[in-house]
Each structure stands twice: as structure tokens, then as C-alpha cells.
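Student: Residue strings, one per chain:
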Amino acid sequence: MKIKIVLLTALFFMAGIYSFAQTQNDVKAVAIINAFENKLNLDGYDVQSSFTLVQKKQNEADRVLKIKIYRRDAAGLFTILFEYPESEKGKGYFRSGDDLYLYLPTTREFVYRNRKDDIGSTDVRTDIFGRLTSLEKFNARYLGTETVSKWECDVIRLDAKTLDVSFPVQKWYVRKTDGLPVKVENFSVSETLLRTFYYVDYASVAPGKYIVTKLLAVNHLEAGQKTLITNENISTANIAGNIFTRQFLEQQSR
Amino acid sequence: MLNFIRLAFKNAFRNKKRAMTLGINYTVVTILLLLVLSFSNGVRVTVSSSLVRGTAGHLTFSGEYVTGRRAYLGIKKYPEITQTIKNLYPDASILARYSFSSDLYYNGVSKRLSFTGIDVQNDSSYQNELFFREGNWNVFTETENAVIIPKSVADYFELKNGEDVLLSRRTRFGAFNTGILKIAGIHETENYFLKDLVLCHFDYLQSVDLANDDTATTLFVYFPDTANIAEKREQVMVSLGAQGFVVSRPQNSTDAINAVAAASPKYAIEDTDTDVIRLTVSTIDEVLSIMANILFVVNSSGIFIAGILLFIIAVSIFINLRMTINERMKEIGTMRTIGLERSGIIGLFVLENTALAAIFSAAGILVSIGVIFLLRLIVFPPNSSLAIILNESRLVFIPTLLDTGIVFFIIAAFTAFFSFFPARYGGRIKPVDALNSTF
Numbered sequence: 001m002k003i004k005i006v007l008l009t010a011l012f013f014m015a016g017i018y019s020f021a022q023t024q025n026d027v028k029a030v031a032i033i034n035a036f037e038n039k040l041n042l043d044g045y046d047v048q049s050s051f052t053l054v055q056k057k058q059n060e061a062d063r064v065l066k067i068k069i070y071r072r073d074a075a076g077l078f079t080i081l082f083e084y085p086e087s088e089k090g091k092g093y094f095r096s097g098d099d100l101y102l103y104l105p106t107t108r109e110f111v112y113r114n115r116k117d118d119i120g121s122t123d124v125r126t127d128i129f130g131r132l133t134s135l136e137k138f139n140a141r142y143l144g145t146e147t148v149s150k151w152e153c154d155v156i157r158l159d160a161k162t163l164d165v166s167f168p169v170q171k172w173y174v175r176k177t178d179g180l181p182v183k184v185e186n187f188s189v190s191e192t193l194l195r196t197f198y199y200v201d202y203a204s205v206a207p208g209k210y211i212v213t214k215l216l217a218v219n220h221l222e223a224g225q226k227t228l229i230t231n232e233n234i235s236t237a238n239i240a241g242n243i244f245t246r247q248f249l250e251q252q253s254r
Numbered sequence: 001m002l003n004f005i006r007l008a009f010k011n012a013f014r015n016k017k018r019a020m021t022l023g024i025n026y027t028v029v030t031i032l033l034l035l036v037l038s039f040s041n042g043v044r045v046t047v048s049s050s051l052v053r054g055t056a057g058h059l060t061f062s063g064e065y066v067t068g069r070r071a072y073l074g075i076k077k078y079p080e081i082t083q084t085i086k087n088l089y090p091d092a093s094i095l096a097r098y099s100f101s102s103d104l105y106y107n108g109v110s111k112r113l114s115f116t117g118i119d120v121q122n123d124s125s126y127q128n129e130l131f132f133r134e135g136n137w138n139v140f141t142e143t144e145n146a147v148i149i150p151k152s153v154a155d156y157f158e159l160k161n162g163e164d165v166l167l168s169r170r171t172r173f174g175a176f177n178t179g180i181l182k183i184a185g186i187h188e189t190e191n192y193f194l195k196d197l198v199l200c201h202f203d204y205l206q207s208v209d210l211a212n213d214d215t216a217t218t219l220f221v222y223f224p225d226t227a228n229i230a231e232k233r234e235q236v237m238v239s240l241g242a243q244g245f246v247v248s249r250p251q252n253s254t255d256a257i258n259a260v261a262a263a264s265p266k267y268a269i270e271d272t273d274t275d276v277i278r279l280t281v282s283t284i285d286e287v288l289s290i291m292a293n294i295l296f297v298v299n300s301s302g303i304f305i306a307g308i309l310l311f312i313i314a315v316s317i318f319i320n321l322r323m324t325i326n327e328r329m330k331e332i333g334t335m336r337t338i339g340l341e342r343s344g345i346i347g348l349f350v351l352e353n354t355a356l357a358a359i360f361s362a363a364g365i366l367v368s369i370g371v372i373f374l375l376r377l378i379v380f381p382p383n384s385s386l387a388i389i390l391n392e393s394r395l396v397f398i399p400t401l402l403d404t405g406i407v408f409f410i411i412a413a414f415t416a417f418f419s420f421f422p423a424r425y426g427g428r429i430k431p432v433d434a435l436n437s438t439f
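Which chain is which? The protein sequence lines are A and B, in order.
If you read the first sequence in our numbering, its first letter stands for residue 1, the second for the next number, and so on.
If you read the second sequence in our numbering, its first letter stands for residue 1, the second for the next number, and so on.
Just chain A, same shape as in the assembly:
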């Protein structure tokens, strides 16, 4: 009986410590997140590049999407323009802060979307193109180290503060050598692994600033479904202000 009481008490305290840990930021984890976000958030720079998304599905032909992206992280702005295939051409997204609009050229209307909208029904979400602000929405906890491919990585667990994020539990694997993420696992509320993002390669766009050039998104629920993204023609030249407007998307489809 005594053993049972001791065990129950221990379990109670462990559960308490666990839930406290989930609602509190871990200092080491916060430092790692701030470090890689500083490298990946291109504040002070305008960035434009061309992304090619190749979606692979089992027993289906590969689907290719080409999009042009314009980013101004400091102002929380981005514009995405679909360039290929013909059926998607003219479509686009415009994001300003938390507001994301999808422009549909066929009906010439803007549809207000969740800022985590899937791009062209792929496994890639619009929020990966914008500024990272993980600590606003998540509590971070340091889980230790693990090896991903050949790199030793710090593993950070993110637990959503509120449930209005797509993946409320995430594990970020951050390379020790350069402090950049190499893998992100996304889980459901009940902690089923849904998607994994592999950050395969980065390019340096400015001193201490990086942009991902190859990314692989793997869907763990649909067998064989993955999306490979390549980012090319990266430029940090100034972008005209009118590109970060809804009118720009309308003009492009004319």
C-alpha cells in the first residue's frame, strides 16, 4: 500500500514537473532558436527568388510548381506568384503580418486564408517562406542531442501556447556546426508524426544570413508522398514597394 502511495505521489510530481516544463521556455532552447532565427530571418534585406516544387505521390506522375517569391521580413511582407503550370499561372499569395490572401485570377478575387495554407495542395506551407517567430506561438524545451545524417544536432521541442497553429508539437533538429536547422518533425495534438521537413542545403545571402536552397517535405500519412523544393536565382536587390500589394497580383494576371 505504502509503495502504491509513494509511486502515485512520484507520478503526480513528475506529471506536474512535465506540465510546468511544457508551459515554460527552456533557456538553452530559447538561445538555440533565437540563434537560428537570427540567421534565417532576413531583416533589413529584400529577397527575391524562384522556387520549384516537385510533388511526388505514389502511383502518380510528379507534379511541378514554379513560384516566384518576394520577401521583406522586417515589415512581415511577402508576395508569392505562381508561374508554372499554365493552370496555376497568375495565382498568388500576399501576406502582410498575420493576414494572408490567395488571389484567384479566374474569378479575380482575393480569398482570406489561414497563414499556414498549403501551397498548391503540396505539403509545403506558406509560413515557411516568411519570418520565423517560433517563440511567440510556442514554448521551447531542450531535449538533448541526436545525429541527423552525419551531423550532431541539438533537439528542441516546441509546444504550442494555443491550438491555432497547424502542428502544435514540433521537434527541431539544429546542426551544432552552424546552428541551422536540418530537420523539423511536425506532430498532431495527440503527438502522431504527420510531416517532416529536411533542410537539405542553405545559401548565404549576406554575412550571417542564410536562406534554404533545398528542402524536402515528407508526408508520413500518405505513403510515398513528398515534396522537393529548390530555391534558385536568389537576389537581395531592393524590391519596389508596389510588389507587396494586392494590386500587384491583379496586374500580373492581366
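All the given hints hold, so there is nothing to weed out.
Which chain A residues face chain B? A few, computed with CB under 7 Å, are given here:
1) 163
2) 164
3) 165
4) 166
5) 168
6) 190
7) 221
8) 222
9) 223
For lysine-lysine, the following DSS-like pairs were computed, each having C-alpha atoms within a straight-line distance of at most 25 Å:
10) A:209 x A:28
11) B:111 x A:57
12) A:226 x B:111
13) A:56 x B:111
14) A:150 x A:28
15) B:151 x B:111
16) A:39 x A:150
17) A:150 x A:176
18) B:151 x B:195
Treat the hints as calculated values from the structure; they're not laboratory data.
Virtual Cβ for every residue (Gly too), placed ideally from N, Cα, C.
Dock chain B against the given chain A, drawing on the hints supplied.
Tutor: Below, chain B without anything else, positioned relative to chain A:
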């Protein structure tokens, strides 16, 4: 008078060939109208019965609630609403459902399905509607994460009873959630509205969607009978309105249908500081109103065809009667000479034609019953496009005495009306002209 009527019936068949030609037209029109009306009745009864047994109540509640500027689809405080209805109508039975659309995954393959959660302790309405290919109802009720799936879904995934499947959905808050469901039954059903039914426990779907315990997506209210449903709704609306709920009727048939199909998508932002619970209460007639539009088209088509046939009949009556009058000039002259008034001549010819219409319409009624019997023998495949209006894989025809009487009366009245004008011509002929006629 009786002799007059007897004479009219006798005269109706004096020219047998002409009488048969016209009579067949009357019969065809009668059959057509009766088939259309009884088919329309059958469709209405079949669809409403299937709906009530499956996916709608005599009153169906749907709604949304706003809390913290977020509008969620669903009925908050549903136990309170249930109690209010019970206080007003203790005989009513009330069923709460939790429904949403979601992807089901098995072995890396997915399919989007509509899930319906029922309170297994109090809601056995589906029990007799489902024919179990595998598994059974008892296993379903005993297992919290149990699911009953249609055979079509089991075939799609190549699933067997007892296997686990994964449910993954974006919850009402936006975050993805997943759950493991255990197959407790594979069903088939005759009820069109239940053929894609994926049945789960109410509590389980509620928890996967991260909803509060007092939230449902629909409430179905069933009264012991269907009398005065609209009045009962008014009473319920007044009582709920007094408790602070914002209650309304559906604006149109689409609203009413949406009420039946209410599910739980992600919240929408609403620019208001006031938390509110909005309810829409639809009657079964409103839910069926979209079907009424379809029936209107069916009925209109039938009536249009019948109208064309009646027009042909009208022309035939006119020509036939003119010919008959010309052939029977001497008879008209004799009748007028022995004292029959002009109105008597008109009446006799009108009565002759009406008698012909009555006899062949009666025959049409009998033939249509036979046609209905034969049509009922046709078995349609359960997945045919007609499935929504089939009962036991057969079309349903419900001829009523009222419809039959109306059809019979309309044809008789129509004939009398169109016989009057040529008959009037016969009545106007002077006896001496009639007797001297050389036709």
C-alpha cells in the same frame, strides 16, 4: 333524367371506332397523371422517411457560437437546450450528434469521409438501418474508439473488421489532431442518406475535435407525431430566446439542408466583442423543400405532357362532336320536334362525351394500378442514380384516393367544357333545318 343519362351512355359507343380513339386518349392521360402524382407522393414519403430515420429530425438544430471573437460551427450548451425542449415537450426524443469531415488513413492511403458521432447509450436510431457485413452493434457500443464503416470504404482500403485506422483532421482551433479508430462493423444499408455513414462515438469525435463537453454539431428532435411541427418550433424558439440564445429559422432551403449537414470546420474570425450562441431550427418540411423543387419539376413535366394530350383531346372532341352532330341531324330534328328543348340537345351531347371520358378514365385508373404494380417489380441497383428515391431497390408509387378523384373530376370537367361549344352548335339548329338536312 335517369333515362337521359342511360341514353347518353348508350350513344357514347354508337360510333365504336371514334369512341375507342378518343377513349384511349382519356385512358393515357389518366394513367400519366396518376403515375406522376403517385410517383411524386412516393418520392416525398421515401425521402422524408429516409431523412428522418437517418440525418434529420422533425426539428433539426444547427448553429454557431462566438467566443473571444472566434465563431465556431456547432451548438454550445446543448444539454441546456435539450432540457428546455424536454420541459416543453416531455414526449419528444432528442438526439445530439457530433459530425465532421476528415481524412481516414490506412497503410499510407487516405480518403476524405464524413464522420457522425452518436451517443451510443441513448441513440440506437441507426441500429436497424444498418445491415452488418462484418462486426456488430454491441462491439461498437462497448469500444470507445470504435467505428462502423460502409462496405464501399472497407473495399477501398481493403479493410477487415477489428483493424485500426488513423483519423487525422484540422480541429476547430486549427491544430491538427489524430485518433486511432478500431473497425467494429462494416455495413450496407438501403437508406440512401446513410450509405456513406461512418459512425463513431459522440465523445470520441468531440475529443478529437478538441471541443468542450457541452458542444454538439446538430440536435435532432422527434415528436410522437408530425402534427403542428411549425407551431412547436415557435414555442421552442420563444423559450430558447428567453434564455439568451439567438434563435432563427432557415432563410431558405439551402440553409435548411446545411443544417442537416452541419459539421465542424475551423473557426472563423468575427469582429464582435459579444459572445453569442446562434441557433437555426429547421422543420423537416424545410429540409425537404429542396426535394420539393425537384418534385415540382417532375410534376410539371408530367402535367405538361398531360396538358398536350388534353389539348389533342380537346381538338378531337370538337371535330368528333361536329361530325357526330352532322351525322345525327335527323335525330336532332326529331328530338326537337317531339319537344326537347335546345338545352336538352346540348346536355345530351355533353353528357355523351362526359360519359365516354368517365368510362375510359375509370379504365385508366385500373390500368395505372396495374402499371404501378409492374413498375414495382423492377429492381434497380442500389448504387444507381435513382438510389435516393428507392425503397428496397424499387421505385415507390403511392396513389391516393384524393389524387385519383381529382384526376377523374378534371378529365370529366375538361371534357364537359370542350364538348359544350360544338354541342351548342347542335342545339342551335332549327328542327326544320335538321329534318331537311341531307348529310
